[in-house]
Structure formats: C-alpha cells, structure tokens
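> The chain contents come next:
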Amino acid sequence: MSVSDIITTILLIAGAAFFLVGTVGLLRFPDVYTRLHALTKADNVGLGLMVAGLALQAESWAVVGKLLLIWCLVLLAGASVAHLVTVVARQRGIKLWKR
Amino acid sequence: MFMEMLYIGMALFLLLTLVAGLWRILRGPTAADRMLAAQLFGTTAVACLLLLAQALEQPPLRDVALVFALLAVVAAVAFVRRAWVADRETEE
Amino acid sequence: MSYIFLYALVGMGLFTLGLYALIIHAHLLRKILAINIMGSGVFLVLVALAARTEGAAPDPVPHAMVITGIVVAVSATALALALMLRVRSETGRAELDEEPLSKFDD
Amino acid sequence: MEALTQLQLAFDAVLGLALLWLAWQTLASPELFRAIVLFIAFGLLMALAWVRLEAPDVALAEAAIGAGLTGALLLTALSRLEPKNKSKIPHSKKPESEVDE
Numbered sequence: 005m006s007v008s009d010i011i012t013t014i015l016l017i018a019g020a021a022f023f024l025v026g027t028v029g030l031l032r033f034p035d036v037y038t039r040l041h042a043l044t045k046a047d048n049v050g051l052g053l054m055v056a057g058l059a060l061q062a063e064s065w066a067v068v069g070k071l072l073l074i075w076c077l078v079l080l081a082g083a084s085v086a087h088l089v090t091v092v093a094r095q096r097g098i099k100l101w102k103r
Numbered sequence: 705m706f707m708e709m710l711y712i713g714m715a716l717f718l719l720l721t722l723v724a725g726l727w728r729i730l731r732g733p734t735a736a737d738r739m740l741a742a743q744l745f746g747t748t749a750v751a752c753l754l755l756l757a758q759a760l761e762q763p764p765l766r767d768v769a770l771v772f773a774l775l776a777v778v779a780a781v782a783f784v785r786r787a788w789v790a791d792r793e794t795e796e
Numbered sequence: 644m645s646y647i648f649l650y651a652l653v654g655m656g657l658f659t660l661g662l663y664a665l666i667i668h669a670h671l672l673r674k675i676l677a678i679n680i681m682g683s684g685v686f687l688v689l690v691a692l693a694a695r696t697e698g699a700a701p702d703p704v705p706h707a708m709v710i711t712g713i714v715v716a717v718s719a720t721a722l723a724l725a726l727m728l729r730v731r732s733e734t735g736r737a738e739l740d741e742e743p744l745s746k747f748d749d
Numbered sequence: 114m115e116a117l118t119q120l121q122l123a124f125d126a127v128l129g130l131a132l133l134w135l136a137w138q139t140l141a142s143p144e145l146f147r148a149i150v151l152f153i154a155f156g157l158l159m160a161l162a163w164v165r166l167e168a169p170d171v172a173l174a175e176a177a178i179g180a181g182l183t184g185a186l187l188l189t190a191l192s193r194l195e196p197k198n199k200s201k202i203p204h205s206k207k208p209e210s211e212v213d214e
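The listed protein sequences correspond, in order, to chains H, R, X and F.
Just so you know, our numbering puts 70 at position 66 of the first sequence, and the rest follows in order with no gaps.
Just so you know, our numbering puts 757 at position 53 of the second sequence, and the rest follows in order with no gaps.
Just so you know, our numbering puts 735 at position 92 of the third sequence, and the rest follows in order with no gaps.
Just so you know, our numbering puts 212 at position 99 of the fourth sequence, and the rest follows in order with no gaps.
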C-alpha cells in the first residue's frame with residue numbers, strides 16, 4: 005500500500021462522511037432552506053473530496069480532467085438549482101424556520 | 705485488493721445513504737423537499753458511478769457519470785419552471 | 644447461481660408490480676408510470692440474461708435491443724402523456740371509469 | 114477475493130431491494146407528484162443496476178433519458194393536469210368541472 009493509496013483512502017472516507025452528513029441534514033433539518041444548506045455540502049465538498057481521492061488513482065491526465073469536469077458540472081448544477089429553488093420558495097411564501 | 709474493497713464498500717455506503725434519503729421523498733412536507741432529495745440522489749449516483757468505474761475498471765462509466773451530472777439538472781429545472789410555478793399561480 | 648439471477652428476479656418482480664398497478668389504478672398517469680416500470684423490468688431481465696455467462700463479455704444483441712427499447716419507451720410515454728392531456732381536456736378528468744366509452748360518444 | 118465478492122453481492126442485494134421497494138412506493142403513492150419524484154429516483158437506481166450488469170452503453174442511454182427527459186416530461190404533463198384552482202389540500206384531485214356534469 006503506497007502513500008497515494010493512503011491519501012486516497014482518507015479522502016474517500018472524508019467524502020463519504022460529507023455525504024452522510026448531507027443525508028442526515030436532509031432528514032433532520034426543519035425547513036426547505038436549511039435542508040438546501042445541508043444538501044449543497046454533500047454536493048460540493050463530498051463529491052469534491054471523492055473526485056480528489058479518485059484523481060490520485062487515475063491512470064492518465066485525461067481521466068483527471070474528466071473527473072474535474074464532472075465535479076465542475078455538479079457544482080454549477082447544484083448552485084443553479086439551489087438558487088432557483090430558494091427564489092421560488094421565497095416567492096411562494098414558504099416561511100423561514102424560526103426557533 | 706484492499707483498494708477495490710474500499711471502492712465497493714464506499715459505493716455500498718453511498719447506496720445506503722441514498723436509501724436513507726428516500727425517507728425525505730416519502731415524507732417531505734412540500735414539493736420542494738422531495739425535489740431536493742432527488743437532487744441529492746443525482747449527486748450520490750454520480751459519486752457511486754465514479755467509484756464503480758474505478759473498482760470495476762470500466763472507464764466508460766465516467767462518461768455515464770458525466771451525462772448524469774449534465775442531465776440531473778433538467779428534471780430539477782422542469783420542476784421549478786413548470787410544475788411548481790403552476791402551483792404558485794393557483795395560490796394567488 | 645450468481646448475482647446475475649438476482650437482477651433477473653428483480654426484473655420479474657418489477658414486471659409483476661407494474662402489471663398489478665396497471666390493472667388496479669384508474670388514473671391514467673399512474674397507468675403510464677406502471678407501464679414504464681413494467682418495461683424496466685423486462686429490460687432488466689434481458690440485460691441480465693445477456694450477461695449470464697460469468698467472465699465472458701456480455702452478449703451485445705440484447706443490449707442493442709434494450710437501448711432501442713428505452714428510446715421507444717420514452718417516445719411512447721410522451722405520446723401517452725399527450726393522449727392523457729387530450730382525454731383530460733375532452734372529459735374533464737384523467738381517470739378511466741366504469742363506462743369509459745360513454746363520454747366519448749357525443 | 115471472497116470478501117470482495119460478498120461486498121459486491123451486498124451491493125447487488127441492496128440495489129435490488131431498493132429498486133423493488135421504490136417501484137412499489139411509486140405505484141402505491143397516493144399523491145401524483147410524489148409518485149413522479151419516486152419514479153425519477155427509480156430511474157437513477159436503474160442506471161446503477163445497468164452498471165453492475167456490465168452494460169455501460171445501456172446505462173448511458175438510461176442516464177440520458179431516464180434521469181433527464183422522462184422526469185421533465187412527466188412533471189410538465191402533471192403541471193398541465195393539475196386543476197387551475199387546486200388548493201393545497203392533497204386530496205382535492207378531482208377537478209371542478211366534474212361537479213357541473
């Protein structure tokens with residue numbers, strides 16, 4: 005087991021932890037806005053860490069480029085969807101959660 | 705061998721979080737909650753596909769993940785622009 | 644016995660579930676969803692049978708059929724949805740009832 | 114090797130059960146919108162099943178069509194199907210025109 009394998013393992017576990025946290029947030033948070041907040045962490049950071057971990061194992065630079073492209077696409081999509089959903093939710097009058 | 709097991713194990717773990725997230729689709733009080741859960745599913749499936757591509761040594765799966773990342777938005781945008789806007793008009 | 648058969652069994656289960664739902668639901672959108680799930684079950688069985696010999700490369704012919712089938716299923720779904728909207732605008736409802744033809748006579 | 118096979122088998126079992134459960138929930142859902150979202154999730158999981166069956170070409174078609182197109186089609190159709198004066202009560206599915214007849 006080489007050094008890059010160990011780094012990959014750490015990155016993958018960290019990414020999976022973010023996915024877990026995102027899911028827990030999705031299940032436990034009280035309203036749309038806070039759930040959106042939890043969701044984007046899983047989208048951006050979790051997938052980012054996984055991509056970083058897998059890119060270390062990639063056989064060529066083309067694969068690394070493709071992985072980064074996928075991550076950038078998901079970032080872009082997540083940001084757009086989060087923004088759209090929030091704007092429309094505000095327009096529809098979904099109340100912000102107050103403790 | 706350890707790395708393959710790690711990849712498959714991670715993919716299994718992601719699948720389990722995905723199944724847990726189904727609960728939000730089933731319960732979600734508003735339509736937006738359900739759609740958000742579907743969005744999270746898309747991202748989780750992308751991560752799962754990337755892991756499987758590495759574990760099964762099938763590079764074409766990365767292209768599948770790419771298509772997923774591109775097209776997961778379509779449903780969400782269709783939801784926000786069509787299904788949801790119609791709902792809002794009726795409330796006023 | 645391998646995991647391939649697991650998927651074939653799941654495909655059969657999906658087909659059965661879809662068939663049952665197709666029969667018991669009156670709403671047309673539910674019927675369309677049920678037909679889609681039935682189709683997915685059939686595709687799953689086909690692809691599982693294509694990969695049945697372990698170790699060897701899967702048979703490409705069922706794959707080609709399934710890809711064609713997926714595309715056809717989407718077109719058929721779009722047509723069915725359009726027809727459903729038409730039924731809705733003609734009769735004011737998107738459900739089939741006991742005497743389905745009576746409303747189309749006039 | 115043994116542990117790897119078992120892990121893969123666990124993955125397959127979870128995926129298969131999730132597919133069946135999702136299909137059941139989709140078809141038994143009392144609310145149409147929920148059924149459609151569950152169907153989209155079902156399409157996502159189907160793509161993973163194709164991957165496990167060594168059919169990346171089918172997975173590509175399913176991802177392009179199942180994840181994107183069908184969901185958008187169904188949601189658009191649902192938005193046109195909803196009665197214009199739909200209230201927020203989930204069980205007011207029947208349109209008003211039915212009362213007039």
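Careful, some of the hints might be misleading.
To be verified - Label-pair ranges, simulated between beta-carbon atoms:
| # | chain 1 | residue 1 | chain 2 | residue 2 | range |
| --- | --- | --- | --- | --- | --- |
| 1 | F | ALA126 | H | THR13 | 21 to 29 Å |
| 2 | H | VAL7 | R | GLN762 | 20 to 28 Å |
| 3 | X | MET708 | R | PRO733 | 22 to 30 Å |
| 4 | X | LEU722 | F | ALA116 | 47 to 55 Å |
Unchecked claim - Okay, the calculated bits of chain R under chain H, using three or more residues with CB under 8 Å as the criterion:
| # | region |
| --- | --- |
| 5 | 705-715 |
| 6 | 733-742 |
| 7 | 745-757 |
Derived from the structure by calculation, the hints contain no laboratory data.
Ideal Cβ positions, reconstructed from N, Cα and C, are used throughout, including at glycine.
> What hints, given by number in increasing order, does this structure fail?
Going through the list in order, the structure violates hint 3 alone and respects the others.
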